[in-house]
Amino acid sequence: MMVMIAPEHFLSFLSDQGFSLASGVPCSYFKDTFTSLEESTEIYYIPSTREDEAVGIICGYFLGGQVGFLILQNSGLATIGDALTSLAQLYKIPLLMFVSYRGLEPDADFPEHLVMGDVTEDVLSAYQIPYWILEEENWKSILHQAISVMNDSSLPVCVLVKKGVLSQ
Amino acid sequence: MKGAEVIQKLDEYLTGKELIVSSNGNVSRQVYTLLPQPQVYLRGSMGLPVSIGLGLALSQPKKKVIVITGDGNFLMGLSSIATVGSVQPPNLRILVIDNETYATTGCQETVSSALNYVEMVKGMGIKSVVSIDLTKEKEIPSDLFDKFVIKEELQVLHIRVEIDDINLENIPWHPIEIKENFLNR
Ligand SMILES: Cc1ncc(C[n+]2csc(CCOP(=O)(O)OP(=O)(O)O)c2C)c(N)n1
Numbered sequence: 001m002m003v004m005i006a007p008e009h010f011l012s013f014l015s016d017q018g019f020s021l022a023s024g025v026p027c028s029y030f031k032d033t034f035t036s037l038e039e040s041t042e043i044y045y046i047p048s049t050r051e052d053e054a055v056g057i058i059c060g061y062f063l064g065g066q067v068g069f070l071i072l073q074n075s076g077l078a079t080i081g082d083a084l085t086s087l088a089q090l091y092k093i094p095l096l097m098f099v100s101y102r103g104l105e106p107d108a109d110f111p112e113h114l115v116m117g118d119v120t121e122d123v124l125s126a127y128q129i130p131y132w133i134l135e136e137e138n139w140k141s142i143l144h145q146a147i148s149v150m151n152d153s154s155l156p157v158c159v160l161v162k163k164g165v166l167s168q
Numbered sequence: 001m002k003g004a005e006v007i008q009k010l011d012e013y014l015t016g017k018e019l020i021v022s023s024n025g026n027v028s029r030q031v032y033t034l035l036p037q038p039q040v041y042l043r044g045s046m047g048l049p050v051s052i053g054l055g056l057a058l059s060q061p062k063k064k065v066i067v068i069t070g071d072g073n074f075l076m077g078l079s080s081i082a083t084v085g086s087v088q089p090p091n092l093r094i095l096v097i098d099n100e101t102y103a104t105t106g107c108q109e110t111v112s113s114a115l116n117y118v119e120m121v122k123g124m125g126i127k128s129v130v131s132i133d134l135t136k137e138k139e140i141p142s143d144l145f146d147k148f149v150i151k152e153e154l155q156v157l158h159i160r161v162e163i164d165d166i167n168l169e170n171i172p173w174h175p176i177e178i179k180e181n182f183l184n185r
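If you're matching them up, the sequences are chains A and B in order. Note that my numbering gives residue 117 to position 117 of the first sequence, counting from 1, and the numbers run on in steps of one. Note that my numbering gives residue 124 to position 124 of the second sequence, counting from 1, and the numbers run on in steps of one.
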């Protein structure tokens with residue numbers, strides 16, 4: 001078993017990359033990440049009531065000249081379709097999204113995630129959103145790639161997070 | 001009084017430095033036509049003007065951010081009022097132009113007429129909220145916008161208006177241009 005990415009290293013990496021705001025709705029795959037976010041002094045965290053609201057918050061933050069990131073469960077991908085297509089993609093607003101990849105083998109007992117788990121990558125492809133799967137090894141280089149594609153294209157990109165990678 | 005007249009009147013109280021986010025449809029077209037440019041004119045993302053205004057207010061704490069939204073947009077993103085009530089950004093204010101309809105798509109009814117905006121918004125943690133019915137008025141009380149624009153306090157101003165009968169042209173800027181013009185202001 002690989003060792004998970006320490007949440008404080010993960011957040012300070014993002015802070016070093018210029019991210020100063022996070023918003024989204026929790027998933028247990030991000031439990032430790034959210035604990036660290038709530039305590040973080042470098043990254044301000046706003047618990048959002050819905051994932052599309054978090055897209056709005058991060059996009060507004062960008063329009064004011066600062067950068068934030070989004071954190072959500074893949075179920076929330078189904079909530080943000082219009083926010084992506086008619087806001088972030090339409091206005092070309094860079095957006096880094098961390099999306100938990102529920103519905104794979106470890107979620108066999110969670111039928112509520114199975115359909116979305118099956119279609120998650122298809123949904124991202126259909127929305128023309130470049131995505132990466134986060135790994136404990138090389139995690140910084142994966143994030144560097146995602147961030148550089150986001151900046152070069154000025155568009156949303158997604159990092160999928162499987163069980164155990166960011167939280168026990 | 002109609003929504004466009006309210007927006008036109010607001011112009012007299014603006015310094016030009018305020019950052020404005022307007023909801024999709026008629027409201028954005030009116031804001032584009034009647035208020036100083038450039039602003040964040042939303043073309044889509046119905047329901048999100050308040051959340052975008054919140055992000056903008058946090059990003060630019062020294063500037064006043066005014067969200068101008070139709071009731072349909074406001075109600076679709078109503079839970080963002082709870083988030084705003086929790087964050088309490090003092091530089092954010094929200095103007096609800098309530099014509100009780102989705103006017104842009106042909107004046108279908110919203111659920112707005114059943115609601116008490118003062119109780120609803122106060123219950124979500126925003127202390128300064130004014131609700132006023134101008135459907136039968138020709139003038140706006142002079143102190144209404146004074147306080148709304150000048151006071152350094154999170155505020156919601158809900159105005160009931162008559163439905164607009166004018167239909168403005170589409171905003172000629174592509175959304176990418178809207179963003180770039182706004183970022184360069
Ligand atoms: C998600 C979504 N559903 C429906 C629409 C179609 N639509 C465009 S504007 C609008 C009405 C907006 O109503 P309101 O905010 O009250 O403004 P008004 O049109 O009354 O000025 C609707 C339903 C849309 N753009 N997006």
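Incorrect hints may appear among the rest.
[As the list claims (entries may be wrong)] Among chain A residues calculated to face chain B with C-beta under 7 Å, some are:
{"no.": "1", "residue": "THR49"}
{"no.": "2", "residue": "CYS59"}
{"no.": "3", "residue": "GLN89"}
{"no.": "4", "residue": "PRO94"}
{"no.": "5", "residue": "LYS140"}
Hints listed in this document are in silico derivations from the structure and should not be mistaken for laboratory results. Just so you know, these numbers come straight off a predicted model, no measurement behind them. A virtual CB, placed ideally from N, CA and C, is assigned to each residue, including glycine.
To see whether the hints hold, each was checked on the structure:
1. THR49: holds (4 Å)
2. CYS59: holds (6 Å)
3. GLN89: For A:GLN89, the interface hint is violated, since the closest Cβ of chain B sits about 10 Å away, which is over 7 Å.
4. PRO94: violated (11 Å)
5. LYS140: With a closest approach of 26 Å, the A:LYS140 hint is violated.
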